[in-house]
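2 protein chains.
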Amino acid sequence: MSTATALAGRPDANLGVLRARALLPPVLRSWIERLGGELSQICGYQLGMYDVDGRPTGTVSGKLLRPAFALLCSAATGGRSEDVVPAAAAIELLHNASLIHDDIMDGDRERRHRPTVWARYGVASAILAGDALIALGFEVLASHRHPATAHSTAVLARTLRLLARGQESDLRFETESTVDPDECLAMMAGKTGVLLGCACRLGAAYSPGPPDLAERFERFGVHLGVAFQLVDDILGIWGDPAVTGKPVGADLRARKKSAPVVAALAAGTPASARLADRYACPGELTDAEVARLTEWVEEAGGRAWTLAEADRQVSAAWDLLEGLDLDDQARSSLATLTTQLMTRDH
Amino acid sequence: MSTATALAGRPDANLGVLRARALLPPVLRSWIERLGGELSQICGYQLGMYDVDGRPTGTVSGKLLRPAFALLCSAATGGRSEDVVPAAAAIELLHNASLIHDDIMDGDRERRHRPTVWARYGVASAILAGDALIALGFEVLASHRHPATAHSTAVLARTLRLLARGQESDLRFETESTVDPDECLAMMAGKTGVLLGCACRLGAAYSPGPPDLAERFERFGVHLGVAFQLVDDILGIWGDPAVTGKPVGADLRARKKSAPVVAALAAGTPASARLADRYACPGELTDAEVARLTEWVEEAGGRAWTLAEADRQVSAAWDLLEGLDLDDQARSSLATLTTQLMTRDH
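Heads up: the protein sequence lines correspond to chains A and B, in order. Quick note on the numbering used here: the first sequence kicks off at 1 and runs consecutively. Quick note on the numbering used here: the second sequence kicks off at 1001 and runs consecutively.
To be clear, the hints were calculated from the coordinates, so they are not data collected in a lab. Just so we're clear, the structure is a prediction, and the values are computed from it rather than from any experiment. Be a bit skeptical, because a hint or two may be false.
[Unchecked claim] Some chain A residues judged to face chain B by a derived CB distance under 10 Å, without partners named:
no.	residue
1	135
2	154
3	331
Just so it is clear, CB atoms sit at the ideal spot from N, CA and C, and this is done for glycine as well.
Just chain A, same shape as in the assembly (with noise of 0.2 Å):
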């Protein structure tokens, strides 16, 4: 299937997305509400259950992509929804304590708008938050009595382990003059796809099909979650911060080894070395000093490949299902899906 093919889809209201927003909030709620005391009220600051004021929203906020991308795959392979729905919880709590654990260590105080839960709440009791969320999502994959779940997971485990040494990696990149695109690309399977391929492989593992059919679909999964990173470190560079929410070229301003600025130091053009001179130096970045790396990473060509090898990873996704035979509405979702997060403005 060609990329073109792969990208066709209805732009309407995502069927995965609907699903997730439908099946996964009473049951994170029900499990967060287990911790109990201020762990209960931390965690679910972190999903959107409460504001900044520790007030309930009624909700839960956050996209559930990778619930979405697991109830569509199980969707595909045959699968049942509510067999899936542990998995699809179990990977949104994992997902949540890495971010509470990466703003740490990042330093990042602000996330969807919001103070992060370390800002909010202090480290000790962000990391305590994190593990709690680890432990939760193992209780809640682990308590569903299902021939698939033993299997599950030590899936699940690997995928925490192979997190940890991506986000290991990223914070290596920071204090390394130059990275090798390969090894930042090694580095993206660890730190975004890993998660998106435990979401589809999981999805399809509780489906009647063949074990190797999951493998498949963990695999698709990484390469749609490193094209997912690759477009967010464009938009880190050329988003709208209208849209995005933060400042022109931020990125740049934190001065991240993020795939566009990799690619560009690794061309060996003119432009890489008066990027990485500049990278060098310490001190606030001006606007006119932002505007100007903007420039020299797109002239060293960090933007052409970013977008290129999102392309790649797409298609190499893609070719992974081709000729499996998978429920057409399903699928069709999954091609809407990947459709909207390649084309996103934010």
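Since the structure of chain A is provided, determine the placement of chain B on it from the hints.
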């Protein structure tokens, strides 16, 4: 069985400890190595596989107390050691993860006469190392193909949730002027009890006995865990610095709300009031003041309450095993290990 009988036992090297030291290190090492990169180094440092300069020690340090209990509870109920090694390793990995994260939260810079992980490698790496060890714990357990594995994973996850809750209570107590002794015991059950309870439960879970036998061993382990923590709290005030490696009255200097202090504060005696006043005043304590605080805790009955409660917990533990048809040698080794831990000086 009376406490006196329960505490009887041979003082020679314990069967459980010997088995744990023979069986666990190769398993722990191979999983730690699977992490790869810097994380392998940092997690290996926590487990004593590497020294402070990163050189391999050729061993794994730590008492391996929880694995020893898991192996003894397995032997007591007719289980096979090899079936229970993954669960024992999982619990040891989770225990180390919680030590790493607790040390960050508590600001403790030294453990086992070495810098703690965050003091040696920084907070970001320490958060990540804890997460990686949690991941490994679930992975080693969930990868074990055995009918008991699915449920054991749920038990391990619940344990991690309760650990987070216990640590939350502990952090909260430090900011409260008085703490109810029952709340203190509940916190200890959460912080130290549940992990030993989990070790004993999973030890029995891979045995041929009925499921409620494993639950009984869990309650046995929770009581023992609380008893050991109470002894720890006694040593934190009255321990011999030459043996414990900590300054005289270490927990009083840090104004910890350990069990003897909580009991003394709640006793309503004149010494309780003096202790409360001094605990509320900021500033470093002189040696003379520490000596006076120590006397007040004793005068208010804090030491006597703690020792009596430890004895009560040990009795409650052994009452649970009364009348059970257990392997004699393993039961005797469990009793020996209990005695050694209750009468230890560090």
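Hint check:
Against a cut-off of 10 Å between C-beta atoms, the interface hint on residue 135/A holds, since the closest Cβ of chain B lies about 4 Å away. The beta carbon of residue 154/A is positioned within 10 Å of a beta carbon in chain B (closest approach about 4 Å), and the interface hint is therefore held. With a cut of 10 Å, the hint placing residue 331/A at the interface with chain B is violated, because the nearest CB-to-CB distance is about 31 Å.
Violated hints amount to a single one, hint 3; each of the other numbered hints is respected by the structure.
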